[in-house]
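With the hints as extra help, turn the sequences into a complete structure.
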Amino acid sequence: MAITTYAELKTAIENYYARSDSTFTARIDEFIDLAEDRIHYGDDGPLPSEPLRLVGMETTGDLTVSSQTVAQPTGFLAARRLYLNTDPKVDLEYMAPDRFWSASANTSGTSGEPKIFTIEGTNFVFGPSPDTSYTGKLAYWKKLDALSDSATTNWLITNSPGTYLYACLLEAAIWDKSFEDAAKYMAAYAGRVNALMGQDRKHRFPGTPLAARVDWVR
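Anchor point for the sequence shown: position 116 equals 195 in this note's numbering, and the numbering is continuous, going up by one each time.
Keep in mind that the hints were calculated from the coordinates and are not lab data.
Among these hints, one or two may not hold up.
[What the hints assert, rightly or not] Restraint-style ranges between C-beta atoms, simulated for each label pair: (1) D123 <-> A150: 34 to 42 Å; (2) W254 <-> A184: 45 to 53 Å; (3) H282 <-> E192: 29 to 37 Å.
Virtual Cβ for every residue (Gly too), placed ideally from N, Cα, C.
See below:
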């Protein structure tokens, strides 16, 4: 059976886990929610996994940089690039919060064209504080649309339904306290994630030695 929609995923979870009793089926939406959380943010628990960051999850948008603090766009996961759309363009340097505030202390009370930024909570913070309104161009990873009755598909279930399925089965096994099944589905999920990330790197850097990637997360 093809798995391309929310309804088909729910059916596949029942089939693969071989349970269709009401106690189990009442939890399937929770398994999907927890799987999406693992996909977006990874997990540092007993069954660790990396967050998924793929080309298909990337998007771009404009930021109006007219104050020192600007809210992140809805669904923001991590930034790839942020620059001011001036002439010439100004790439903004990311700094961790402690470094940012140390650097900003030298320009405290002054304003100008921003050169650096950090992320605090769900906001971007710019330094120096902008002296006028600038247009920032942001390339970033965005959350997948959460699957539901009203949002029946998204990029990942279309392109890698197995990744979704094994993430859901893993969460089902954790709920079921079936540690043997959890280990099995964790291995299957990790294999899918590693393959996707590997293909993504090859697509992004064909024929180029790979360097460590740093994501600017919220």
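Here is how each hint holds up against the structure:
1. D123 <-> A150: 34 to 42 Å: violated, 27 Å
2. W254 <-> A184: 45 to 53 Å: holds, 49 Å
3. H282 <-> E192: 29 to 37 Å: Given a distance of about 35 Å, which is inside 29 to 37 Å, the answer is holds.
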